[in-house]
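Colleague: Note that the protein sequences, when read in sequence, are chains A and B.
Numbered according to numbering that gives the first Met the number 0, the first sequence spans residues 0 to 275.
Numbered according to numbering that gives the first Met the number 0, the second sequence spans residues 0 to 473.
Heads up, a few of these hints could be off.
Claimed, not checked - Negatives, chain A to chain B, calculated, CB over 10 Å:
hint, residue
1, Leu22
2, Asp57
3, Asn58
4, Lys77
5, Ser124
6, Lys256
7, Arg257
Unchecked claim - Simulated pairs of lysine-lysine, DSS-like, Cα-Cα distance not exceeding 30 Å:
hint, chain 1, residue 1, chain 2, residue 2
8, B, Lys42, B, Lys57
9, A, Lys235, B, Lys285
10, A, Lys120, B, Lys362
11, A, Lys266, B, Lys362
12, B, Lys57, B, Lys103
13, A, Lys235, B, Lys221
14, A, Lys207, B, Lys1
15, B, Lys285, A, Lys56
16, B, Lys420, A, Lys264
17, B, Lys343, B, Lys362
18, A, Lys1, B, Lys103
19, B, Lys411, A, Lys123
20, A, Lys264, B, Lys42
21, B, Lys169, A, Lys256
22, A, Lys1, B, Lys146
23, A, Lys1, B, Lys169
24, A, Lys235, B, Lys206
25, B, Lys1, B, Lys42
In short, the hints are calculated from the structure, not lab data.
Even for Gly, the Cβ is constructed at its ideal location relative to N, Cα and C.
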Amino acid sequence: MKIIDKAVLGEAQGIKITKLVVLAPDISRKAQAGQFIALMASEKGERIPLTIVDADKDNGAITLILQEAGLTTKLLGKMNVGDSLYALAGPLGHPTQIINYGRVVLVGGGVGIAEIYPIAKALKSAGNQVTTVLGARTKELLILEKELREVSDEFLVTTDDGSYARKGFTTDILTEMLEKGKYGLVYAVGPIPMMQRVAALTKGFGVKTIVSLNPLMVDATGMCGCCRVTVSGEVKFSCVDGPEFDAAAVDWDELVKRNSAYLDKEKHICRLNKLI
Amino acid sequence: MKKEPVDPKELAAAQRTSGFEEVVAVYGEEQALEEASRCLQCKNPTCISGCPVGIDIKKFIGEVAKKDYAAAYFTIREKNNFPAICGRVCPAEYQCRRSCVLTKKGSPFASKEAINIHFLERFVGDYGMKNNLAAPVSNDSAFTGLKVAIVGSGPAGLCCAGELARCGIKVTVFESLHNSGGVLRYGIPPFRLPRDILDFEINYLKKLGVEIRPNLIIGRTKTLDELFSEGYKAIFLGLGAGIPSFMGIKGESLCNVYSANEFLTRVNLMSAYKFPEFQTPVSIGKHVIVIGGGNTAMDSARVALRLQKMNGIMPDTTVLYRRTEVEMPARRLEIEHAKEEGIKFKFLVKPEEFIGDENGLLKKIRCLECKLGEPDSSGRKRPIPIEGSDFQLDCDLAVIAVGLRANQILTKATSGLKVDKYADVIVDPETMETSIRGVFAGGDIVGGEGTVIEAMGMAKKAAKAIIKYLRSLL
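In isolation and in its complexed conformation, chain A is listed as follows (with noise of 0.2 Å):
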């Protein structure tokens, strides 16, 4: 549980980007794309999921990428390498399903591009053209370029303000390729809005469409329910159902919803770190 490594992937904006390396062997060894961990920073904090980016069995370590948005976010870019997490498990949640589907787009948005990279990866090697489409709010917050680009046979990228590569968003994009071309997958992770409207868009053109979601868990492995989703009209727990479902037929208004549920507690507990 021990933190081996640290950097800042991207900070623009207020917002920033955050990779942590950290020791666990036995989730490194277990670990498949599309799944996560739940760790705690410190004994008093709380219990938070985050996707395991990559697993390195060799140094027995997993990488995890988040943005330092929350209470427990902002006070793990505030730990050190030779820190250590409180608590660490997984690994959680279904694999991806990797097979061939022929051509797979990914999309990712945001710090989502850090869930996009184990997909990408998997089903590279699992023999699809993988065509991956990032967005970003500007040039200083696209991370992971190099790693996707190497795994990717397409690559291309939007930011918001134009500062880098197609001024736009990722749905623009995928927009012309869906109207162009088949594609057997569109994968997407990023912002709820940004799902929302990948899922609206391939709704309509009939392409199967992957997100994985990111509801507020306690204790992630199925026991309060507090991640629960609806999908197809069905109470999903995101932990152990998901967290991956199909995009069209996710109550997006409710997740955005349940997802804002302790925003002022968490505004509170911030400033009083000082932390906001």
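Chain A is already provided as a structure; the job is to place chain B on it using the hints.
Modeller: Chain B in isolation, oriented as in the chain A frame:
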């Protein structure tokens, strides 16, 4: 002259609801002696048959009466590893006390006159703890170097660990959460089971050589096969029940609708009642509704009311139950405590819908009134909703405590492990062995939700079978 039952001291309701301090005090010596002297020492005691693990109740109460508390402790320990815990949480009024000869015939639960066996057990358990009375260790050299893995550190896992460790077997307990104790820690609030009692029992196991490995999810981090290949000769599964049930009604995923597991885990395990010192938040609520009639519902309501008081909110917490008070499965003692603390009860009510505002926040609950019909398969009268009897209650926080289902993380990841239609693990009732040789199970993952003492009873039975199994390998 007939003696009156001795009530233990309790914190006054107003005082206890301002925090999480333990409600019921332990008997003083005089109280214990007086209560023990009420025991008729029946020639053919009926109480013992009411105990799921068959504690020799007559004998231990007789020993208390003779002031031989150590002997009483060892009498209980023969059958029950954690008297200080069970003395606090056992539903005695449905078990030993109901079978006490002083309970009126045909009563659904113990009469007030029944001997307060649980309070005496607790007196003895606390005495044993204070005086460091450890059950005898019988290090059998034949077992030296033999390792057994226990999955889950709840009542079943801890009990099985203790039984095996006392024979000199090297035991490792794997726990998926960051702290051990299972439902004793995340479920039962500290005002019913203080954490120092739980920690004492767990530390005792550690002193016996039991290793506890938190943050390790068997079925995910490691498989059963891997445990065997790491040299564990047998495995005990004390997985617990795990997944909270919901009612499947509209609005159930609104913000501030909690499962009891989530609400209690936030407060008990994550210490959300000490937010922001502890960083996990929990919503408080001005009008709290708790749905269900079991102990978990009582715990949830009493926690919710404490949170209201601790946060300067006028307490308003109501329990909704489909049947009437007499059918409630909760402990009578805890129903009384809840009433004393100001919890309101609405019986014969069935929730139909949670109603929220535009932000997805819970505002109201719509319910139907019920009447009781014929007894159902549980033997309790079936609640029948009355059409057109709809009514609404203000409600900005709801806790659903209507039961649990099996968590399938391990069972689905383990081929060859046979489960029933409820996804509970199937065992040989004599040995608690599962369909996989060398893998045993007990507690809620076998046969669904039960009590702490029932889980311990199964664990004890499994431990015996594991010892026999290990001998067969020698």
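Colleague: Now tell me, hint by hint, if it's right for this structure.
Modeller: Verification of the supplied hints:
At roughly 13 Å from the closest C-beta of chain B, the C-beta of leucine 22 of chain A stays outside 10 Å, upholding its exclusion from the interface. With a cut of 10 Å on Cβ distances, aspartate 57 of chain A stays outside the contact zone with chain B, its closest approach being about 18 Å. Separation of asparagine 58 of chain A from chain B is adequate, the least Cβ-Cβ distance of about 18 Å exceeding the 10 Å criterion. Listed as a non-interface residue, lysine 77 of chain A keeps its Cβ farther than 10 Å from every Cβ of chain B; the least gap is roughly 14 Å.
Once the 10 Å rule is applied to beta carbons, serine 124 of chain A is consistent with being away from chain B; the minimum gap is 23 Å. Distance check on lysine 256 of chain A: its Cβ comes as close as 3 Å (rounded) to a Cβ of chain B, failing to clear the 10 Å threshold; non-interface status is violated. Residue-level check failed: arginine 257 of chain A sits 6 Å from the nearest beta carbon of chain B, not beyond 10 Å. A hinted pair counts as satisfied when its Cα atoms are at most 30 Å apart, and lysine 42 of chain B with lysine 57 of chain B qualifies at roughly 9 Å.
Restraint check: the Cα-Cα separation between lysine 235 of chain A and lysine 285 of chain B comes to about 28 Å, which is no more than 30 Å; the hinted pair holds. In summary, the hint linking lysine 120 of chain A to lysine 362 of chain B is not supported, as the alpha carbons are separated by about 46 Å, beyond the 30 Å threshold. Taking the CA atoms of lysine 266 of chain A and lysine 362 of chain B, the gap is near 23 Å; set against the 30 Å cutoff, the hint holds. For the given pair, lysine 57 of chain B sits about 19 Å from lysine 103 of chain B by alpha-carbon distance, which is consistent with the 30 Å threshold.
Distance restraint check for lysine 235 of chain A and lysine 221 of chain B: the Cα-Cα separation of roughly 25 Å lies within the 30 Å cut-off, and the hinted pair is therefore satisfied. Between the alpha carbons of lysine 207 of chain A and lysine 1 of chain B the distance comes to roughly 77 Å, so the proposed pair goes past 30 Å and is violated. Restraint check for lysine 285 of chain B and lysine 56 of chain A: the C-alpha separation of about 50 Å exceeds 30 Å, so the hint is violated. For the hint pairing lysine 420 of chain B with lysine 264 of chain A, the CA-to-CA distance comes to about 42 Å; that exceeds 30 Å, so the pair is violated.
Restraint check: the Cα-Cα separation between lysine 343 of chain B and lysine 362 of chain B comes to about 19 Å, which is no more than 30 Å; the hinted pair holds. Between the alpha carbons of lysine 1 of chain A and lysine 103 of chain B the distance comes to roughly 61 Å, so the proposed pair goes past 30 Å and is violated. Taken as a hint, the lysine 411 of chain B and lysine 123 of chain A pair is honoured in the structure, with Cα atoms around 28 Å apart against an allowance of 30 Å. A C-alpha spacing of about 62 Å is found between lysine 264 of chain A and lysine 42 of chain B, which places the hinted pair above 30 Å, so the restraint is violated.
Proximity of lysine 169 of chain B to lysine 256 of chain A is assessed by CA-CA distance (about 49 Å); at most 30 Å being required, the pair is judged violated. At roughly 28 Å between alpha-carbon atoms, lysine 1 of chain A and lysine 146 of chain B fall within 30 Å of each other, so this suggested pair holds. Annotation: proposed proximity of lysine 1 of chain A to lysine 169 of chain B holds, straight-line Cα distance about 28 Å (limit 30 Å). For a cut-off of 30 Å, the pair hint linking lysine 235 of chain A to lysine 206 of chain B is broken: about 42 Å separates their Cα positions.
Pair hint lysine 1 of chain B plus lysine 42 of chain B holds up; C-alpha atoms about 19 Å apart against a cutoff of 30 Å.
Checked against the numbered hints above, the structure breaks hints 6, 7, 10, 14, 15, 16, 18, 20, 21 and 24 and satisfies the rest.
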